[in-house]
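Hey, can you work out the whole structure from these sequences and the hints?
In order, the protein sequences belong to chains H and L. Whatever position you read off the first sequence (first residue = 1), add 28 for my numbering. Whatever position you read off the second sequence (first residue = 1), add 23 for my numbering.
Worth double-checking, as some hints may not be accurate.
As the list claims (entries may be wrong) - With a Cα cut of at most 27 Å, we get these calculated DSSO-like pairs of lysine-lysine: (1) Lys216(L) x Lys177(L); (2) Lys114(L) x Lys147(L); (3) Lys138(H) x Lys53(L); (4) Lys138(H) x Lys114(L); (5) Lys138(H) x Lys112(L).
Simulated from the structure, these hints should not be mistaken for laboratory data. Bear in mind that the values here come from a model prediction, so they are computed numbers and not experimental data.
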Amino acid sequence: MANVYRILDEPQPGTLSSFAVQPFWPLLGVMLGGAWLSWPWFVFNAFAIGSPTRRSETGIAAIGFAGNVVLSIVLLTLLGSDVLPSTAVPYLGLVLVVWKIGISYWLFVKQTRTFGIYEYYGGAVRNGVFVLVLAYFAMRGLGGPLFEAAPLLRLVMG
Amino acid sequence: MSTFAGGGLLHLAQLQLAQGNAHQAIETLKRALAEDPDHAEAHGLLSLCLLRSRRVHAAEHEARLSLTADATSPLGHYALGSVQLAQRKFKESEETLGTLLDLEPDDPENHRAMARLLELQGRKAEAEARLNTALELAPDDPDTHAALGELQLKAGRLERAEQLADEALRRRPEHLEALVLRGSIALRRGDEKTAREHAVWALRLDAEDPGALHLITAVTSRSHWFLGLWWRYSTWMGALGTGRSILVLLGAFVLYRLATVWMVQAGLVDLARLVNFAWLGICVYTWVGPGLFERSLRREMDKVVLSEEF
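Structure representation (structure tokens):
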């Protein structure tokens, strides 16, 4: 077999590559589904396209969830302690929203670079809309009651 | 430096890059490096091709590999300096290009690279002096004439810029940068037709040249305010870099949300609704903007008949 020179940022697609989607879909996933859908999807996609940065993408997603947990606990503690007036609640909630959007954009930008090269070399790309639709209805059917019963879970995963 | 059997491939890659075909040059250099993974020049050239394809991180890696293979490689230094310039690491770039000039003080291209750095730092007089040195070293080099002309254009000295563009075109009638410069001067004077003609001419020579694409985009934006606004916005965001542009977007979102929450709490519900609609408008605009812009640009590009060389 002839030697092949591989450039640092070139993806190495494996067997999962037939499930690769444009990073745009997981980004949309955070808006229509939540972090529970988007960030694991980003990680899965990184492995599917064989991204050389898949470990750091996994790390970012893990940091994202860890941040979600910390921020959610702080938020719920503050709300339960009556330290803050009720008018402060929407402002506090904003911190968590910005955190989630920031992590999602970070993952999106990181994955988009590799994805461009993956596409250039003719990598297979699937449409992610079906996953989104499925996740949306799953959220409405199952997620709603589950999240209502567990507010922390809702803040972390939503 | 190791012995290299793929000299022909290296030459082919140089030719492909010179013709603006960076993607093909990358493939050629990969074949060359499969043969000899320690070839400094091949790594350096690959770095320049990757930089041209905006794969900056990989370009830096290749430039460093080039210098690991041969610490005195001028091409390696040139590539690393150019990558650092693209990363806006001005101090590091100045050091690398300084070493390059110590290694090869008589190559006008090296002086032009330093001039680009100085100009980006706002040291216009030093940049001009550097280009004049390059011109002294090679008085007939159209590249230096075009670079000097570009500097004059930015300073608003249109007559002098035009003279220099003509000088470059007299020496090489299909000099890409000079054609773009000529078009940019025409556009500055409000002559969109001439500007478009020069942009199309330049794109015919190299359909991926950033300067030519910038010019055709500027011409297109002039005739459509809707697209022009998008172009200015995306140029501004592009100049900020990825990290900073995300921070700006997040900052804008936070401001918007804070404002609407405050408005609702202050009883200004109608105003909050208006701000929400305005935000939605911005989202839709930034959503459809790139697609419309690309379509419009593609329409312009359809008029371009590529040269056989490209």
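Which hints, by number, does the structure contradict? none
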